[in-house]
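Spelled out, the chains give:
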Amino acid sequence: MSELPLNLALDISLTVNGERVTERVEARKTLVDFLREDLALTGSHVGCEHGVCGACTVRLNGEIVRGCLMLAVQCDGAMVETIEGLSDSGELADLQLAFEQRNALQCGYCTPGMLTAAQDLLKRAIDNKSVPSRDDIREHPSGNYCRCTGYHAIVDAVEAVAQEREKARAGAKP
Amino acid sequence: MKITDDSPPVLSALDRPNSYIGRSVPRPNLQRLTQGRGQYVSDVTLPRMAHVVFVRSPHAHARVVAVAAAAAKKSPGVIAVVTGAELAKVMTPWVGVLTHLKGLKSAPQYPIAVDVACWQGEAVCAVVARTRAEAEDGCELVEVTYEALPAVTDPETALDAKTPVIHAALGDNLCFERKLDVGAVDKAFAESDAVVETTFMFGRHTGVTTEPRAIVADWNPSEQRMTVYQGTQAPHMMQNLFAKHLGLAEQQVRVLTKDVGGSFGIKVHTYADEMATVALSKLLKRPVKFVADRIESFVTDIHARDHRIKAKIGVTKDGAITAFEIDDLTGIGPYSVYPRTSGIEANQVVNFTGGPYTCPNYRAQARVVFQNKNVMCQYRAVGHPIAVAVTEGLVELAAAKIGMDPLEFRRRNLIADDAYPTQSAAGLKFEKLSHHEALAHLDSMMNYAGLRAEQKKLRAQGIYRGIGFASFIEVTNPSAAFYGVGGARITSQDGATVKLDAQGALIIHSGVTEQGQGAEAVLAQCVASSFGVSIDKVRVVTGDTDNTPYGGGTWASRAAGIGGEAAWQAGKALRGNVLAVAGAMLQAKPDDLDIRNGIVVDKTSGTERLPLEELARVAYFRPDTLPPGFQAELMATRHYVPRAWPFAFTNGIQASYLEVDTDTGFVKLLRHWCVEDCGTIINPQLVDEQIRGGVVQGIGAALFEHCLYDERGQMLNGNMADYLVPMAVEMPDIDCGHVVSPTADSELGAKGAGEAGTAGAPACVMNAINDALRPLGAQPLTDMPFTPGKILRALGKV
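Here the protein sequences line up with chains R and H, keeping their order. Residues in the first sequence are numbered from 1 upward in steps of one, following the working numbering. Residues in the second sequence are numbered from 1 upward in steps of one, following the working numbering.
Each hint should be verified, as a subset may be incorrect.
What the hints assert, rightly or not - Just so you have them, the derived chain H footprint on chain R, three or more residues with Cβ under 8 Å:
hint, region
1, 17-25
2, 49-61
3, 78-88
4, 116-125
5, 140-150
Since the hints were derived computationally from the structure, they do not count as laboratory data. Owing to the predicted nature of the structure, the values given are computational and were not obtained by experimental measurement. In this text, a Cβ means the ideal position worked out from N, Cα and C, and glycines have one as well.
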């Protein structure tokens, strides 16, 4: 088998935060490095580079994934959403406010991943017309490390938003 | 003294109209971080920036015989391949000693190993390339010839005559030794009704900041200036060190610190790879970036807490502690870390053991030895978790031995709340502590009697729950006694400059730094309150040695107590200056005026006289209308350093309630409580969040975190999958309570709160596990972390 060059590059087209992007990327480049280095979307963070810490959590075709466990070339044709897009669209506004008011972040490095993971839980909860328990909330982002807060305030923030959203859903006219 | 749960303290001098002191104000600019718009050093890119990756020694101890770089130099994108000897021509080596730690010695350390690599992970060659990937490709092509040397790994034998000496010039492997003998220890033990003796072991662990260490150095030869973007806790300290070892004046170095992805003491030290990055920028005359990857972090970020302590306590049958004795042995890697040294941790263990108690008889020995593992140095709560675990472990073992309730045992021995000022057996000076008040508050907050009843009931059903406590003291607000007296250029004072802008808003520049603790919120609260504007009118700038007052930064729980007081005083001074302008404009006596909510008012009636925006307009654009000879001064600077006490000690007590699964050895944490006394509480939410985060780091030490090494000095679990840190699902809710004993050293009266959680949590989790297992006759567990395997062994099940 002939050896491929380390810097073998491929062309990819994808949608990132609603914008069409066409780039030539090295085949070995991870999605999070592509987002950060090629697109300057530095809100997705690199913590461990082996899929454990969750700092690089982004949304790919509606599902949350680890940006360090995906190659950029695997995302050809995909729809990627990062913290920048989720912020600009307002989708996370209530959750972000709850984090800010409860100081559910200190250094903030895990926060984009934590918010993206929490939003995933909250969306599922609304789909199921339920409010997750504190135990559910602690279980869901258990792949998102926070080294600063001790998690208590994060659980408080997510719990409060879950209750508010469910109240709004139940109160909304069909 | 007043007990308070999240309510503002009553304070006369601080009781200004619209005061923010004691209020849970959200931190300014948090949206930047929640929206992914933070500016961490990892995010920084500069024109012509190159990336450095280091070839690191796979051996714990090896002579670097040859570095063959030719192939790497030809690799695509590679700009330079630089060895230790080449870089030693650009940067001088350093030695991590402090003169007040008498006898402490270390060897010169270079940015890149020159002849001998002394631990697995020490850099032996640098590859600089256009991209990080290309630099990593280049590293693969560097061929280093090593001659393996015997590795010194076990501290127990490090001082034996037959053990090789790591640095021949030092004569032996002893870095530092301290002995203390106070009172009549032997007599006290002889007269005790019971003596408990055991050995405590602490797993070497590390900070695991979510953002690894990161630095971008930019030498501009045309300006002869070095600009360094660094995730550091102490920009001015680093400015001094970069300048000193590059042979530059401090004026030629600017250190910029924006957002920092976690620090916890990890980012307050001199790291060889960061020094090398700065030297490489000077050598290559272009910006060079280094970001540690996670594996590099595990083998190069300072480790801490690797201590073996033989400990002994004597008690009378009515529960009086008669004596403490400890023998501490700690291995700190091959170098004492510069400039804070690796002797401080053991020194603090000696200082703090027995600290909350009246017992006058205390003997301690500490030996700090060199070994071929990664270096150890100061990590959050330096020495406290060890001293507290030893003290509180002994206390609960002794209480159990004489059949006394652990809280009652503490009541009989804690220093009385009306005994202050006083000092400990080790000589620590205490201005005002509140051990008994804190204990009483904890007792009622956790419903101790109710939990004991529940515990008893569940034991009958074969469910083993435990309750454990830890009283503690924490050193905060250090004066020059910490480092300055030992010759290190680490300032203990801090400054704040407050400026009125042309629309009547404030900008404050401070020498402390923000790594998420909320220092910027505290600064804004202090200056808004003492000056008299709403907090949204305050903009805070930190982390820039060109623009902020000279300061120490954020470590040792000093930012709020020292930086906050400087901000408070600067705000007051500017209020005086602004009222002088107002007096001139209104033809009133400045003393009859005040500033409230951004408006100059009559002090007594509160009648509004002049908005600050109008005052600023006149002072900046129509100074011609002010009285002749009057000059408005709309910027004020104040500095503060504690003078009356070398340190502001705080105190508190924690409790853990947990359940041990006696079949699997797993520990389920059910609840955790902490009552602490950090003096004036500037922001209750931020204090509670410091406590909670600190507690969880302490729980990590008790249950999970351990840098595992084999006998050859190879780290076995240097990745996040194998090195366990606390995750949300395993952590309990944590309740915080407060007692408020302000320090009289400052007007604000605030002491530090950043390390109390970490100081006490390991001890009370340990005590709770032992409390749970005591009815099963298990040997007390004293070897952290308490893994399921160790628990099952203590139960005799494996």
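Hint-by-hint comparison with the structure:
1. Residue count for the region 17-25 of chain R with a Cβ under 8 Å from a Cβ of chain H: 0. That is fewer than the three needed, and the coverage hint is violated.
2. Proximity of the region 49-61 of chain R to chain H, defined as three or more residues with a beta carbon under 8 Å from a beta carbon of that chain, is established by the 5 residues found.
3. Residues of the region 78-88 of chain R lying with their CB closer than 8 Å to a CB of chain H number 4, which satisfies the three-residue condition for coverage.
4. Only residues whose beta carbon comes within less than 8 Å of a beta carbon in chain H count, and the region 116-125 of chain R has 0; fewer than three means the coverage is violated.
5. Counting residues of the region 140-150 of chain R whose beta carbon lies closer than 8 Å to any beta carbon of chain H gives 10, which reaches the threshold of three, so the coverage claim holds.
Taken one by one, the earlier hints fail for this structure at numbers 1, 4, listed in ascending order.
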